[in-house]
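Participant: Keeping their order, the protein sequence lines are chains A and B. Letter by letter, the first sequence follows residues 1 to 203 in the numbering used here. Letter by letter, the second sequence follows residues 1 to 168 in the numbering used here.
The set of hints was computed from the structure by calculation and includes no laboratory data. Just so you know, these numbers come straight off a predicted model, no measurement behind them. Glycine included, every Cβ here is placed at the ideal spot set by N, Cα and C. Just to be clear, a hint being listed does not mean it is correct.
[As the list claims (entries may be wrong)] Sample of chain A residues facing chain B (criterion: CB under 7 Å; computed from the structure):
(1) D28
(2) K31
(3) I135
(4) K137
[Unchecked claim] Take a look, some chain B residues computed to stay more than 10 Å from chain A by CB distance:
(5) A56
(6) Q65
(7) Q73
(8) L124
(9) V126
(10) Q150
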Amino acid sequence: MSATCDQDADLMLRVQKGDTAAFEELVDKYKQPVMNLIYRTIRDATEAEDLAQQVFLQVYKAANRYRVSAKFSTWLFTIARNLCLNEIRRRSRHPAESLDAVRPDSEDEPMRQYEDIRTFSASEQMLQNELTEKIQKALEELPENQRTAILLFREQDLSYEEISEVLKCSLSATKSLMHRGRETLKQKLKPYLRSGAWQKPTS
Amino acid sequence: MNQLDYNKLREIAWRQKLTAQQEAEIKAYLANCPEARPDWEEERILTQSLAQLPDAPLAFNFTAQVLQAVKRQEAEASPAAIVKWWQRLRSLGWGYRSALAAVVLGAGVLSYQQYLLALSREELAVSIATVSRVAALPRVTGLRDFDTIQHLDDVVAVIDTKLLAALQ
């Protein structure tokens with residue numbers, strides 16, 4: 001078990017004893033990865049934040065059920081994914097557009113949170129925003145399990161085995177999901193990937 | 001390096017920067033298989049693009065909100081909350097209180113009836129089980145000559161004694 005894993009397990013053991021400072025530490029550490037996964041799954045900033053909050057509430061409530069044998073992040077992302085799936089099911093039953101939804105093309109898109117040490121010129125920034133939007137849209141169009149596999153692989157230091165645990169499928173199925181997802185992304189983004197427009201801007 | 005090794009390195013590159021040696025291996029492979037170059041380039045740029053995706057927007061006080069929500073939930077489940085409910089109940093008017101009492105009483109009667117029903121069903125099941133056990137016994141007609149057959153040995157013994165005496 002890695003040091004990070006041990007640290008998370010220690011924190012969870014403290015949470016089990018009612019230590020809110022330990023819980024706060026876990027929330028601080030995982031809030032952004034959890035939010036990224038949820039936001040890229042349901043594409044609504046307000047609802048994503050509510051769901052992320054629910055994820056951590058569930059972690060706190062179910063802390064006694066946590067066993068050190070399980071990696072904390074695997075457990076956490078399983079909860080996050082289950083809540084996302086519930087939300088997707090709820091939306092399919094009540095297909096109403098949220099009034100609070102922040103659409104990707106709206107003016108106050110999450111770019112305000114984009115922390116990047118590189119500096120872009122205005123045109124580079126525009127291109128970067130456009131390309132980011134394209135890839136987000138392509139991700140959005142992927143089947144849920146392919147998208148989650150790719151995001152978990154990107155977001156967290158989760159192994160294939162751990163991702164397969166979150167997705168509740170076999171290791172080979174997980175690898176296949178990753179491959180198929182990436183192939184679809186490459187197909188959809190081919191014009192951009194081929195043109196080299198997406199090359200990392202020089203600092 | 002063969003296709004299999006190339007695929008392995010491609011997967012490694014999805015997550016981490018390749019070492020100088022791995023880069024050299026890829027370079028050599030692409031020099032031998034130029035048709036794989038476009039795929040490699042696409043893979044590389046896609047990986048880079050995914051890594052560059054901006055973080056989702058998150059309220060600056062997200063952690064504080066979560067902790068508040070936890071406190072709220074704990075407060076709702078605490079004894080103080082029960083006291084609060086009791087006080088709220090006491091503040092209700094007579095009409096509401098009577099209605100509430102009637103509902104509680106009704107629910108009690110209903111559950112008692114359900115209990116009696118379950119009890120009678122249980123007794124019925126026991127009776128059926130007993131009857132099925134009795135049904136498994138041999139028929140009465142089959143046992144009609146049971147006593148005669150049972151005493152047949154004694155009768156034969158008596159006759160034999162008389163026969164022996166006569167023969168002597």
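Participant: Each hint needs a verdict: does it hold in this structure or not?
Facilitator: Hint check:
The criterion of a C-beta within 7 Å of any C-beta in chain B is met by D28 (chain A), whose closest approach is roughly 5 Å, and the hint holds. Among the interface hints, the one on K31 (chain A) holds; its C-beta lies about 5 Å from the nearest C-beta in chain B, closer than the 7 Å criterion. For I135 (chain A), the shortest C-beta to C-beta distance to chain B is roughly 5 Å, which falls under 7 Å, so the interface hint holds. A distance limit of 7 Å between C-beta atoms decides the matter here; for K137 (chain A) the minimum to chain B is near 12 Å, and the interface restraint is violated.
Look at A56 (chain B): its CB is around 3 Å from the nearest CB on chain A, not clear of 10 Å, so calling it non-interface is violated. Consistency note on Q65 (chain B): stated as away from chain A, yet its beta-carbon is not over 10 Å from all of that chain's, at 6 Å minimum. Distance check on Q73 (chain B): its Cβ comes as close as 7 Å (rounded) to a Cβ of chain A, failing to clear the 10 Å threshold; non-interface status is violated. The beta carbon of L124 (chain B) sits about 42 Å from the closest Cβ of chain A, which is more than 10 Å, so the claim that it is off the interface holds.
Its beta-carbon lying about 41 Å from the closest one in chain A, V126 (chain B) satisfies the requirement of being farther than 10 Å from that chain. With a closest Cβ-Cβ approach of about 68 Å to chain A, Q150 (chain B) is found to remain outside the 10 Å limit, as its non-interface label requires.
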